[in-house]
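Two chains, two frames, some hints: make the complex.
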Amino acid sequence: MDPIVLADAAENLYPARMQMALSLGWHIVFACFGIAFPLITVVSEWLGHRRGDGTLTDLAHTWAKAMGVLFAAGAVSGTLLSFEMGILWPGLMDRFGEVFGFPFVLEGFAFFIEAIFVGVYLFGWNRLSPRAHMLSAVPMIVSGMAGAFFVVAANAWMNNPTGFRLDADGRVVDAQPWAAMFGPSTWPQVVHMLLAAYMVTGFTVASVYAVGMLRGRRDRRHRAGLLVPLAFAAALTPVQIGVGDWIANTVADNQPVKLAAMEAQYETTAGAPLSLGGIYQDDELRWALEIPNGLSLLIHHDPDGVVPGLEEVPPDERPPVNVVHLAYNAMVGLGSALLLLAVVSGWTWWRRRDIPRTPWFLRAVAVSGIAAIVAMEAGWVTTEVGRQPWIVHGLLRTADAVSPASGLYLGLYGVVAVYAVLTVLTAIVLRRLARSPDTPAPQEADAGTPDRAAGEVAVR
Amino acid sequence: MTLAEVLLSCMFVGLVAYGLFAGADFGAGIWDLLAGGTRRGARQRQLIEHTIAPVWEANHVWLIFVLVVLWTAFSGAFAAIVTTLYIPLTLAAFGMIARGAAFAFRKSITTLPMRRFLGAAFALSSLVTPYFLGSVVGAVASGRVPPGIAAGDVLTSWLNPTSALGGVLAVLVCAYLAAVFLGADARREGADDLAEQFRTRALGTAAATGALGIAGLFVLRADAPLLFDGLTGRGLPLVVLSVVAGLVALVFLWRRRFLPARAASALAVTAILLGWAAAQYPYVLLPELTIEEAARGRATLVAMLVALAVGALVLVPALAYLYALFQRSPGGEVREGPTSAPGPRAGAT
Ligand code: HDD
Ligand code: HEM
Ligand code: HEM
Numbered sequence: 000m001d002p003i004v005l006a007d008a009a010e011n012l013y014p015a016r017m018q019m020a021l022s023l024g025w026h027i028v029f030a031c032f033g034i035a036f037p038l039i040t041v042v043s044e045w046l047g048h049r050r051g052d053g054t055l056t057d058l059a060h061t062w063a064k065a066m067g068v069l070f071a072a073g074a075v076s077g078t079l080l081s082f083e084m085g086i087l088w089p090g091l092m093d094r095f096g097e098v099f100g101f102p103f104v105l106e107g108f109a110f111f112i113e114a115i116f117v118g119v120y121l122f123g124w125n126r127l128s129p130r131a132h133m134l135s136a137v138p139m140i141v142s143g144m145a146g147a148f149f150v151v152a153a154n155a156w157m158n159n160p161t162g163f164r165l166d167a168d169g170r171v172v173d174a175q176p177w178a179a180m181f182g183p184s185t186w187p188q189v190v191h192m193l194l195a196a197y198m199v200t201g202f203t204v205a206s207v208y209a210v211g212m213l214r215g216r217r218d219r220r221h222r223a224g225l226l227v228p229l230a231f232a233a234a235l236t237p238v239q240i241g242v243g244d245w246i247a248n249t250v251a252d253n254q255p256v257k258l259a260a261m262e263a264q265y266e267t268t269a270g271a272p273l274s275l276g277g278i279y280q281d282d283e284l285r286w287a288l289e290i291p292n293g294l295s296l297l298i299h300h301d302p303d304g305v306v307p308g309l310e311e312v313p314p315d316e317r318p319p320v321n322v323v324h325l326a327y328n329a330m331v332g333l334g335s336a337l338l339l340l341a342v343v344s345g346w347t348w349w350r351r352r353d354i355p356r357t358p359w360f361l362r363a364v365a366v367s368g369i370a371a372i373v374a375m376e377a378g379w380v381t382t383e384v385g386r387q388p389w390i391v392h393g394l395l396r397t398a399d400a401v402s403p404a405s406g407l408y409l410g411l412y413g414v415v416a417v418y419a420v421l422t423v424l425t426a427i428v429l430r431r432l433a434r435s436p437d438t439p440a441p442q443e444a445d446a447g448t449p450d451r452a453a454g455e456v457a458v459r
Numbered sequence: 000m001t002l003a004e005v006l007l008s009c010m011f012v013g014l015v016a017y018g019l020f021a022g023a024d025f026g027a028g029i030w031d032l033l034a035g036g037t038r039r040g041a042r043q044r045q046l047i048e049h050t051i052a053p054v055w056e057a058n059h060v061w062l063i064f065v066l067v068v069l070w071t072a073f074s075g076a077f078a079a080i081v082t083t084l085y086i087p088l089t090l091a092a093f094g095m096i097a098r099g100a101a102f103a104f105r106k107s108i109t110t111l112p113m114r115r116f117l118g119a120a121f122a123l124s125s126l127v128t129p130y131f132l133g134s135v136v137g138a139v140a141s142g143r144v145p146p147g148i149a150a151g152d153v154l155t156s157w158l159n160p161t162s163a164l165g166g167v168l169a170v171l172v173c174a175y176l177a178a179v180f181l182g183a184d185a186r187r188e189g190a191d192d193l194a195e196q197f198r199t200r201a202l203g204t205a206a207a208t209g210a211l212g213i214a215g216l217f218v219l220r221a222d223a224p225l226l227f228d229g230l231t232g233r234g235l236p237l238v239v240l241s242v243v244a245g246l247v248a249l250v251f252l253w254r255r256r257f258l259p260a261r262a263a264s265a266l267a268v269t270a271i272l273l274g275w276a277a278a279q280y281p282y283v284l285l286p287e288l289t290i291e292e293a294a295r296g297r298a299t300l301v302a303m304l305v306a307l308a309v310g311a312l313v314l315v316p317a318l319a320y321l322y323a324l325f326q327r328s329p330g331g332e333v334r335e336g337p338t339s340a341p342g343p344r345a346g347a348t
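So the protein sequences, as listed, match chains F and L.
Residue numbers are given in numbering that gives the first Met the number 0: position 8 of the first sequence equals residue 7, and the series is strictly consecutive.
Residue numbers are given in numbering that gives the first Met the number 0: position 132 of the second sequence equals residue 131, and the series is strictly consecutive.
These are computed hints drawn from the structure, not numbers from a lab.
Be aware that a few hints might be false.
Over the 12 Å line for every Cβ pair with chain L, so calculated as not near, a few chain F residues [as the list claims (entries may be wrong)]: (1) PRO183; (2) GLY243; (3) GLU283; (4) ASN321; (5) VAL343.
Restraint-style ranges between C-beta atoms, simulated for each label pair [said to hold, decoys possible]: (6) F/ALA9 x L/THR199: 54 to 60 Å; (7) L/PRO316 x F/GLY51: 31 to 37 Å; (8) L/VAL239 x F/ALA433: 54 to 60 Å; (9) L/GLU292 x F/PRO183: 32 to 38 Å.
Glycine included, C-beta positions come from ideal geometry on N, C-alpha and C.
Chain L on its own, in the form it takes in the complex (with noise of 0.2 Å):
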């Protein structure tokens, strides 16, 4: 491996870890969303609060990560990428933005329409955050961002069928994620009937995955020919990986066996998204730039190599500690029977 491909891999390690912690955070926004009238979903929305307050600033710090290895490794690379697709990332910032700040205040507030109003924001911002991204990955994976500044179409770059396709999966994805992940959270407060609840959903939206995923194929062959074949190609080993490991999740939750559910269910989201990187290499910017061609100085990729392991090291046992923390710890359990919370869904009632 060369130096800089190290460095696009560090890149992508931050890139899975955003999707898994962060995608399973939008995706509790999502079931929030769907959680039903104020009193019915009460108890969910309570369970969905305390599993992502503590973690979900940490989580988003990925997304900064990858953003900042990738402006100053692949500079030019990455000026490409976010001046051609300027509209869907800055609809993702403020979907992140809003997300971030309703979550955060509407506990602190207490009056019914605020907290609506809060709720509803948070809800819907988790559902089209996520489809932006995707969208943009889409538009990446697709080869529609030539080198070059605002040099690709600022509209049909991310107005496409991969880019829809790339949107909607995302958004499953975080959904299934997440309804794994609060499953499992559930079962572990002793909310048995909650998880119970997450357990169909999980199942649920991993049917909708799969049956995208086999039609999202036909889509990338008319759409996206340079892609298909990476996937059907090099990515080939793992996209399989993807699927065997994604079956072995829905076996794993059927029989209840939340933990076990979790660790297939990142696995199979993690080998999906190597597979496009296995499926697009040696390719920064499809068909054109090249990881080497992008790479930034020596000196430059040295260093961030060198700041990265060093604060792997510390970062890395922060991280632990803080999910150790919350993970073993009693928290607020979530209370039975209806309790008077407003809910957060606007027009619920």
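Excised from the complex, chain F in its bound form (with noise of 0.2 Å):
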């Protein structure tokens, strides 16, 4: 390559990583909801019809409307990404798209289904019989799990890319894309990833509810906000943990000097200890909790198992290793700290049919949302930064995929302030949502006229 493409391309590198980072971090939140909130809503419509109960039905139509909010956010957030992937990752995409860009065709279509229906399902509020309307929601729910099983399956494929061969040159030939979406990473990582979606809309939808009884709201249309949602993510934390492990092991057997950054260990060791927290410097992790020959066993299911370190791999092919470290640990402590909350909201639930009566049960599910979601993104940044310094593992470095065009680095700059004024936006509309639930859905076609809410909200 020439010279001055390289030098152009350095510039670029680090703020294209910072992009990339900021739009999909902020666009995964909105993806939650788009993944898991139709089911939830929908079990609260057919639970207050089938029990003639009008707030649960009342509660799902704030939340419809809520997840129409949320779902714009996401459109619009997801429309950006699709044309970063090739601004800011042009090498990335031009020898590979063939192989990994299939998934994403497949996406275009579950998308397409998701915002037709999202639509319906809105519109089709008060205008179908209760029947159609929850069926209506069944390729909302259908398409968005897919949608996501298809994006996720792009990224296994960048961790453990499979389904093709490189000739002498290192061009692609024989792209197999069916293969490729199928490989060692795509299930697990998949499996997680709905489930964190599930915990993230769980616990962030019942936290609003939460905050609201700690202000002393305690009638029936709080308590069932909060027992509903609360009810599916409290249910899946404990699978959750227990498909860590399972991915955990793939990430093992794959990628094992991510595995080492996780756990930040230098040395090849047999009996290898589980440690949290703790800085690593100079190859050496300070500071830090061990629990003897614990990773080895959660690894290897035998405390003798050996582990390889970083030091396997020459300095140049190592991840950043305090980043992925720490999220990684954030993500088991939050997860482990979640798990409590689920046991606790499960046994109390168990033994006297009610949520525990105590502010502080109220407290801990107020945070668990924000908890779920940093958690998540935690665990986004484990995965991608924990890949460096490869975009394709093993294959393709990120320095050699981003685009050399000058000025690209601009790009960030923009995509913070967007991003800045988008997040204020959707803030003050979600508490607009909260407060006077009559407010309307970006999908829905008839606005009221809104004098008489702008009253309301003068008087507040």
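Encoded structure:
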């Protein structure tokens, strides 16, 4: 490559990574709601109809509107991502687009179906029969999960590329997109992500009502609004921890360097300890809490199993250890805390058919939403930063994939500004929705005249 | 037709659909910008809002579809286009974010300054986004995107006469399509005065588009001779078809026959886009990279064709259901008289 181009690429690399991280990190929060909110909402609607309980159907209606807002934010941020894949990482798309682009084509269809039925579901609220209306949610539920499958399958391919051969010049020959979509990382990552989406949505929605209850609004609506989503999240948390073990084993088998970075372990060791916290400096982890033989036990189910360390590869093939290690610890730590919350909720429900009445419980639920989101983001940081310096594990370096176009780095400023505004707006709209549930959702055609509502706000 | 050509045609179907559906959405935003002061424009804005509310997200996915087909089947060409043209594409993406978010959120927000801000963001981004997308088309069509990553000039590739022509044409076409569509919608809801307003606007934008089209021929002859030769050679029948369909649409509009005018306008836009495709055949990137050279491995192409066929089986009925549901439902009536709905246009009052 010509040296001038390389100079530009070097200038672009860091901002491009930050831009990608920011856009993805933003998008994923909304994507989680796109994946999990439809089912939670429909279950509440269904329970409401079955028990003739207007509180539950009302709640479902409010959630459907919130879903509309979140969906709109997810859709617009996803559009930017599609551009960025090419604008920032042309080296990746140019060389490997034909291998791993395929799931994105399928994803296009999934989003199409989801966008259509979000429109139908909101629009049909009072226009379709309850049964037809609930049925119209099914395509939305299925396509939301399918969309997540396809995107995460693409990401799993970047972690564990399969389904093609390289010729002597390193060019792709014989690309097999179906095989590429079902590599060894695909199922663990997809399942882990789907569960994460349910946890994020469930805990976040429950936390909104927990805050309300802490402020003294202890009516039926708040109780139900806390209970239904919390039930989903609490039931799936233990499963998620189990899946976490599965995914960690997949990483150990296929990306040992990433695993070493997650555990901040320099030396290849038999009977490796599990390290919590600490700072990695000069090839050594300091001030960490160590559980003897823990890691070997987890990975090999054998206390004396050998776990390869970072020393196995040259320094320029190691990821930034501290970021990966701490992000990983954050995910596991928050996951364990959420498990505790889930167990407490499950236990009291089993004994008393009620949630614990203590303010401490409500406080815990109130922060659980943030905790789940942070755990999920931390998980993605582990995955993505842990893959560095590779964009396609073992085959293509991130530095070689970035676009050398001049001035590209300025895009980061634009993205930061746009997302700052978007975040504030989304927050305002959701707050308003929480305060007066008759606020229309973006997909609803007949926005009533807002003057009445405006008066309402003026009074507040 | 080869496999690659079939796939590129599918991509083009997506592009035409995006042009028609999202084009009309963008145009509606442009009319929102021009609807006048808070009170005067209120009913128009209401019509615009309730016409596009349920469908804008779905309309928008056509673009995603175009992108993913390109990047999987023609990865190299995709990389070349988006890196050389990253500036207008990033700006267009920002425009889409601003537009989508502002449109989605403004009805949920009631404080006047916020609504004005969002309304202005919606309307302005409706204007600039088609401009940038049109200038991207102009850049590709005039052969300013060479194969290779960021191989073209990141500025002159889209700041040039053909791109400017493409951008302005895109804006005008969007405005025209929207005026025709909105006129038909207003008529269906019995708001005849609004239908009249949009009819006048459709006729006006049609005249402007026609004039620019003729002037554009001279621009192309000077600035993009290859494209000009293609349009006046192989593409000529399609260009003629487009002109004829455009004129037929005008006749229908003149006679207030909105629905046939809609169909004829859609045909005119489709024909001109196809004319562009014919003019540049067999090149993806004029004048170097042909379709066959740009296409990737056979297994990928086959898998995509299967996916597109199966996907279409699911998608087409779903889309048909969506549009049918909204077209037959009474929806939000356009209320008579001025409402106190705060107008979205900043500083308009
Ligand atoms: C609510 C969210 C959440 C919770 C509680 C957990 N995770 Fe997680 N984790 C994710 C959300 C997540 C994620 C964001 O969804 C990731 C990022 C990539 C992926 O597929 O899932 C992830 C990735 C991820 C990876 C990296 C996979 C890779 O690089 O391919 C490992 C090893 C684990 N997780 C392990 C665990 C363990 C052992 C947990 C036990 C407490 C755990 N996770 C809880
Ligand atoms: C949605 C959740 C995701 C989050 C929060 C996330 C986070 C990140 C972060 C933090 C980086 C920067 C890593 C670094 O430079 O150190 C990154 C890079 C990247 N991610 Fe992800 N990621 C997500 C999902 C995905 C998916 C599904 C894909 C593709 C299918 C993807 C593709 C990329 C690419 C191409 C890069 C740039 C190259 C690189 O730095 O390796 N990401 N992401
Ligand atoms: C590089 C990574 C990604 C790209 C290129 C991408 C692209 C997109 C696009 C284009 C849309 C908009 C579709 C529409 O208009 O309806 C979208 C929305 C969505 N994305 Fe992503 N996405 C990425 C990462 C993810 C990840 C990691 C997930 C989930 C695991 C995800 C899940 C969704 C969902 C569920 C939606 C529907 C909209 C919503 O519900 O908010 N995306 N994405």
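Hints violated by the structure (listed by number, smallest first): Hints that this structure does not satisfy do not exist here, as all of them hold.
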